[in-house]
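Numbering (the working numbering), first residue to last: 952 to 1089.
Treat the hints as calculated values from the structure; they're not laboratory data.
Take the hints with a grain of salt, since some may be wrong.
Unchecked claim - BS3-like mimics (lysine-lysine), calculated; alpha carbons at most 27 Å apart, straight line:
1. LYS1067 x LYS1083
2. LYS1048 x LYS1019
3. LYS1019 x LYS1088
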Amino acid sequence: MKKTYNLILILFVFLCACKKKQESVMIPNIDISIFTKTPSVWYLKSYSLQNVPQTLSECERKTKVNFKPNNLGSYEYDASECGTIRNFSWIYEETTKKMTILEGSSATEVILTTLKDNVWEYEYQVNNLIYKFRFEKQ
């Protein structure tokens, strides 16, 4: 009887540990169709570098990203107020929730942290620097 009790107790502890481990690596629920259903314009609202919020310049406040559903997998980054308009393509991996942004021959892997309602947040790392961006849909 004592062996059975110990076995049940060990199994219970093991299952609880596995459940906690799974919860700690939970990937956010992200609906990528928010970019693909209808044309959408997203404005830059904030960004940080190494978790330090950065002040947006006047031109950065007007930065927008235009997603066009008829051209799935690409978008226009319009920072024309700052002198830049660029076109990117992107690939999205559902299982990891990672978006790879391609410009010419360079690729940046982006980790989407939020993509719901009118909020799009992501982060990426370049040369050990972590950037976080927040866009809001208009």
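Verification of the hints:
no.	hint	verdict
1	LYS1067 x LYS1083	holds (17 Å)
2	LYS1048 x LYS1019	holds (20 Å)
3	LYS1019 x LYS1088	holds (13 Å)
Of the numbered hints listed earlier, not one is contradicted by the structure.
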